[in-house]
Amino acid sequence: MTSDAIAAMTCDQLAPMLDPFLDGELDAATRRQLAEHLERCPRCADRLARSRALGVAIREQCPALSAPDDLRRRVQAAIRQDPSTAPSLSPSVALPAAPSSTPRAALDDPPTLPHPRSRQRSASTPWARRAVPWLAAATVLLAVGGGGWTLGTAHERALASGAARGIGADAVRDAVVASHLRSLEATNHLVDVVSSDRHTVKPWFDGKLDFSPTVVDLAGDGFRLIGGRLDYLAGRPVAALVYGRGRHVINLFVWPIDPGSADGGAHAAVTGTAMRGYNVRQWDAGGMTHWAVSDVAAPDLDAFVRLVRQPPVSPATSAPEPR
Amino acid sequence: MPTAFEAAVLPHLDAAYTLARYLLRDDEDARDAVQDAYLRALRYFPGFRGGDARAWLLTIVRNTCRTRRRRERVTARTAPFDDDLHSPIESDAAPLPPAYDHIGDVSVRDAVERLPEEFREVVLLREVHGYSYREIGEIVRVPVGTVMSRLSRARQRLRDALAPSVTPTASRDPDGAAV
Ligand SMILES: [Zn+2]
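Protein chains in written order, with the working numbering: chain U, 1306 to 1628; chain D, -13 to 165.
Excised from the complex, chain U in its bound form:
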């Protein structure tokens, strides 16, 4: 933003920037110029005082609370009951039959902090790459404010409306099938790494994804590993593992379960559908959601899914690890 931008704006145009100003959400230059305006404009200063007073009142009357001791005991008891296996959820959070998850291209992962289970994520992660333009967009958005909140890019608006409508599993399934089709149409895009060796395919994803997909060798059962591909589904980078059976291709998409999806995600049982002539299977396991798509016959795909879920050579198969 140039130094003229703020100076040229009327008080009404500046008004939408007052809350972000108090929230510390403006970039330094904008913040400084707005502060200068506030020093010599009683009208805006009065508006700012109202905003500040509201914030103070909210924090006073809605203070952070301490969890009651009995709740603490309840929660501890509940999670210690059987921490090694997935506990059954209470009836009140029984998951609806139709799973739904929200596209989240603009909201990938939580911000990075060191964690015992995680490696520090590098600055080249999708999150870090997105955060900066996102904040820049916010500043631009504020700079053009005053004409109402015309939000971000068309893409962002589409995401917002999609989120509001609660795009569900059907949309994810559509995207999975579409990705399967794309991978077949462009032969050079079927795989990014060509290898029948899972010890080559699995490490290839290192540094490209924030999780490590399980790659199983099913050649002995008639499903040969063709390779792996980085794909983008449900608003996030995912692993696509490509298997072949005869002349048919099976795409197996894997990504971590989204804890923020509207109904919470986890569906351990395999659900199956057919769409546009392709068979689709979905299940969750080990914190990962899995989608298998292929034009192989349904019994073949079911056999494939059974093998992926219970690999024949379990000792050599590493489990998915959050990183």
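None of these hints come from the bench; they were simulated from the model. Certain hints may be false.
Unchecked claim - Ranges of calculated distance between the beta carbons of each label pair, as one might list FRET restraints:
1. D:ARG55 with U:GLY1512: 36 to 42 Å
2. U:GLN1366 with D:ARG55: 19 to 25 Å
3. U:ALA1333 with D:ARG56: 40 to 46 Å
4. D:GLU99 with U:PRO1373: 15 to 21 Å
5. U:GLU1341 with D:GLU103: 37 to 43 Å
6. U:ARG1357 with D:THR(-11): 41 to 47 Å
7. U:THR1505 with D:ARG57: 44 to 50 Å
8. D:ARG55 with U:GLY1527: 46 to 52 Å
9. D:ARG95 with U:PRO1347: 29 to 35 Å
As the list claims (entries may be wrong) - Partial list, computed: chain U residues near chain D (C-beta under 8 Å):
10. PRO1321
11. PRO1325
12. ASP1374
13. LEU1376
14. ASP1515
Every residue gets a Cβ at the ideal spot worked out from N, C-alpha and C, and that includes glycine.
Following the hints, put chain D with the ligand in place on chain U, whose structure we already have.
Below, chain D with the ligand alone, put in the same frame as chain U:
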């Protein structure tokens, strides 16, 4: 010896309870929701990729609360939340809820609790939990611009409802709706 899950997630019980308590406005509901949320979190923990465990937990708490409210709502609002329907212009033009006539009696907390859920949660995450717009966007799963817009509209509603009690100079802006 606490498990990795307990070490990462249990310290945020107060935050979880606070959010659930204000979102659900009922203590028993809040306790049940928090317990459910922790069981969900335990299930999802293998997929937790590190980062801010509190924000990760609050995402689950928030969704657990939404699921409960959706189920318990007798007269369910079937239409999804439409930000455009809650534009500043519309909310200014619409008559305030009756309780807002009794400005002296309405506490800020009452006013916050009467906000639509989509407004209330962003106000709580900002003012009570101290999250940035970007972090709120991650928890609520909307773009940062939508967070800004919702916060702005929510605060405008609160200011309209509470102006005399929270403002030294109670005069309403002459251009009112443009703020
Ligand atoms: Zn001014």
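Checked hints:
Under the hint 36 to 42 Å, the C-beta atoms of D:ARG55 and U:GLY1512, about 41 Å apart, fit the expected range. At roughly 22 Å, the beta-carbon separation of U:GLN1366 and D:ARG55 lies within the given 19 to 25 Å, and the hint holds. Distance hint check: the CB atoms of U:ALA1333 and D:ARG56 are about 42 Å apart, consistent with the given range 40 to 46 Å. Taken as a hint, the range 15 to 21 Å holds for the pair D:GLU99 and U:PRO1373, whose Cβ atoms sit roughly 20 Å apart.
At roughly 38 Å, the beta-carbon separation of U:GLU1341 and D:GLU103 lies within the given 37 to 43 Å, and the hint holds. With their beta carbons about 43 Å apart, U:ARG1357 and D:THR(-11) fall inside the hinted range of 41 to 47 Å. Here the CB-CB span from U:THR1505 to D:ARG57 is close to 48 Å, well matched to the stated 44 to 50 Å. Checking the proposed 46 to 52 Å range against D:ARG55 and U:GLY1527 shows it holds: the Cβ atoms sit about 49 Å from each other.
Our hint of 29 to 35 Å for D:ARG95 and U:PRO1347 holds, since their Cβ atoms are close to 31 Å apart. Residue-level restraint check for U:PRO1321 holds (minimum Cβ-Cβ distance to chain D is 6 Å; threshold 8 Å). For U:PRO1325, the shortest C-beta to C-beta distance to chain D is roughly 6 Å, which falls under 8 Å, so the interface hint holds. Interface restraint check for U:ASP1374: the shortest CB-CB distance to chain D comes to about 11 Å, outside 8 Å, so the restraint is violated.
Using the Cβ-Cβ criterion of 8 Å, the hint placing U:LEU1376 at the interface with chain D is satisfied: the shortest such distance is roughly 5 Å. Restraint check, U:ASP1515 versus chain D: the minimum CB separation of about 5 Å is within 8 Å; hint holds.
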